[in-house]
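Participant: Next come the chains, spelled out residue by residue.
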Amino acid sequence: MQIQVVRKILEHNEETAKRLRDTFSRHRTLVLNLMSSPGAGKTTLLESTLGTLQRSFNTAVIEGDISTTRDAERIAATGAQTLQINTDGACHLDSSMVLQALEHLDLSELDILFIENVGNLVCPAEFELGEDATITLLSVPEGDDKPEKYPGMFAKSHALILNKTDLLPFLTFDVERAKTAAMTVNKDLEFFAVSAAQGDGLQDWTRWIAEKVRGKQATG
Amino acid sequence: MSVAQSLIDIIKSEMDKNAVTTLQAVKVKAGRINAIVPEALDMAFQSLTKGTAMEGARLELETVPLELECGVCGARFTSATEDTLFLHAECPECGQEFGHKVVTGRELYIEYIEAD
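Protein chains in written order, with this note's numbering: chain G, 1 to 220; chain B, 1 to 116.
It is possible that part of the hints are untrue.
Under the rule of at most 25 Å between Cα atoms (straight-line distance), these lysine to any residue pairs were calculated in the SDA-like manner [as the list claims (entries may be wrong)]:
1) G:Lys18 with B:Ala4
2) G:Lys179 with B:Leu68
3) B:Lys17 with B:Thr49
4) B:Lys29 with G:Glu11
Which chain B residues stay away from chain G? Per the calculated CB distances, all over 12 Å, these [as the list claims (entries may be wrong)]:
5) Gln24
6) Ala35
7) Met43
8) Lys50
9) Thr52
10) Ala115
Covered by chain G, according to a simulated footprint, are these stretches of chain B (three or more residues, beta-carbon under 8 Å) [what the hints assert, rightly or not]:
11) 54 to 64
12) 68 to 79
In short, the hints are calculated from the structure, not lab data. Beta carbons: idealized from backbone N, C-alpha and C, even for Gly.
Okay, chain B solo, but in the shape it has when bound (with noise of 0.2 Å):
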C-alpha cells in the first residue's frame, strides 16, 4: 500500500511538472527479489486512484530478472529457479553455489507514464 502511494506521489509530480492531466499508463519496473506482489501494487493503485485524475490508468509491471555475479570466479549469469528464488544458484563457469552478488532483482522504479 505505502508503494502504491509513493508511486501516486511521484506520478502526480511528474504531472505537474509536465503540464499534463490524465493519466493513461504507468510503466515500472520491479526487480524479482522485490517483496513487490504484482496483483497486490495493482489493487492498491487502482483503489487509491478512484475519483482522481489516475482513474482507470494502465498499471504495466515489468519483472526484472536475477542476475547474479558469482562470489567466487565473478561470471555473471541469470538464475531462474522459481520455487526457492536465488538459494543454490549454482554458477555456470565454476560451480559455486553460495554468496552470490545480486547485480539486478533488487530494483523499483518508475520507468515512463503516459499522460495528456
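Here chain G stands alone, though its shape is the one from the complex (with noise of 0.2 Å):
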C-alpha cells in the first residue's frame, strides 16, 4: 500500500536548528556561520580579527573538522575560547552537533559565536545551525567561476569575503565577475575584500559585525 508521507527529509535538523535559534535569542547571542572551501582561510580570517573583536566583545569559537585539532589549536592562541567538533568523517557540521557542543559554552557571557564550517562548498550550506547570518569565504586562488559553479552555497549566504586579495596582481581573478555572479543569485549579498594574512580590508568586516552584534542586544 502506498503511505503518503510528505515530510522534509532534513527536517530533525532543521527542528534542531530553530531550538539554537531560539537559545541564541534569549541570550543575544550573534551567531555566525563560516563557511567555504578548504584553505580558503576561515581560520586566518578568525585569527587576524579575533583580537579586535575581544577588545568590545566577548567571543568563542566552535571549530568544525573531520578530524585533528589543528585549527582549534589556532584559535585558541588568540585566547578566544575554542570548542573543537569532529566530524569523523562527515563533509559539513549538522545542528546536532552544535547542540552538543553548546552544553560546554556559557552563552550569558557571549557576544559573538563564530562557528567555523567543514571546509566544502556544497553540503553545509543544506544545514542551518540556528545562525543569524551565514558567511561565505572565496579565495582569490580558487578562481573567479565559484559563484557560478556552486550558486547554493552563495544564495543562502549573507556576506561574501574575498580572501588572499594580495595575490590579485599575480593571477588572473575578475573581482567584478566573481561579485555579480555572486549577486545575481543573491542581490542582498554584503561584500567585502581582503587579505587575512596581511590585514587588508579587515576593518569594514569587523565594522560590519559590531553593527550586527548591536543589533542583537537591541532585540527582546
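The task is to assemble the complex, starting from two chains supplied on their own in separate frames and drawing on the hints.
Facilitator: Spelled out as C-alpha cells, the structure:
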C-alpha cells in the first residue's frame, strides 16, 4: 500500500536548528556560520580579527573539522574560547553537533559565537545551524567562477568575503565577475574584499560584525 | 550520506506508525538546486539498508524544476539553463537578469512510501 508521508528529509536538522536559534536569541548571542572550500582562509580570518573583536566583545569559536585539532589550537592561541567538533568523516556540521557543543559554552557571557564549518562548498549550505548570518569565504586562488559553479552556497549566504586579495596581481581573477555572479543569485549579499594574512580590508568586516552584535543585543 | 540516513530514519518511523514491515519503494522530491546527486543518494540508500526491512526497495527521485519570481516585475518563470543553473536567468516579461527569488527548486522531502 501507498502511505502518504510528505515530510522534509532534513526535518530533524531543521527542528534542532530552530531550538538553537531560540537559545541564541534568548541569550542575545550573535552567531555567524563561516563556510568555504578547504584552504580559503577561515581560520586565518578568525585569527586576524578575533583580537580586535575581543577588545569589545566576548567571543567564542566552534571549530568544525573532519579530524585533527589543528585549527582549534590556532584559535585558542588568540585567547578566544574554542571548542572543537570532529565530525568523524561528515563533510558538514549539523545542528545536533552544535547543540552538543553548547553544553560546554556559557552563552549568557557571549556576545559572538563563530561556527567555523567544515571546508566544503556544497553540503554545509543544506544544514542550518540556527545562525544569524552565513558567511562564505572565497579565496583568489580558487578562481572567479566559483559563485557560478556553486550557486547554492552563495544564494544562502548573507556575506561574501573575498580573501587573499594580496594575490590578485599574480593571478587572473576578475573580482567583478565573481561579485556579479554571487549578487546574481543573491542581491542582498554583503561583499568584503580582504587579505586576512596581510590584514587588509578587515576593518569593514569587523565593523559589520559590530553592527550585527548591536542589532542583536537591541532585540527582545 | 547524512541525507540518506535522515531519509531512512523517517521511513522507519512511518513504517512503525503504519504497522508495515516491508518497504517496496520510496518517493523523494528534490529541488533542482539542492546539493543532491541522485546516484550518490541511491548508492547511500542501498548500502545503508542492506540487511534491513528496507533492503532492495526502489528509491524514486523526482527533480522539482527551478521556478523563479522576478525581483523587478514579479513574473514567475521556469529556468532551464542546465550549465550555470539559475545565473543570468532572463525574465520573459521584463528582461531582468538578476535578483530573482526562488519559488521552487530548493525542497527536499519524502512524498510517499510503498510498504506492506
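Participant: Against each hint, give a clear statement of whether it holds in the structure.
Facilitator: Each hint tested on the structure:
no. : hint                  : in the structure
1   : G:Lys18 with B:Ala4   : holds (22 Å)
2   : G:Lys179 with B:Leu68 : holds (21 Å)
3   : B:Lys17 with B:Thr49  : holds (19 Å)
4   : B:Lys29 with G:Glu11  : holds (14 Å)
5   : Gln24                 : violated (9 Å)
6   : Ala35                 : violated (5 Å)
7   : Met43                 : holds (15 Å)
8   : Lys50                 : holds (19 Å)
9   : Thr52                 : holds (17 Å)
10  : Ala115                : violated (6 Å)
11  : 54 to 64              : violated (count 0)
12  : 68 to 79              : violated (count 1)
Violated hints, in rising order: 5, 6, 10, 11 and 12; the structure is consistent with all others.
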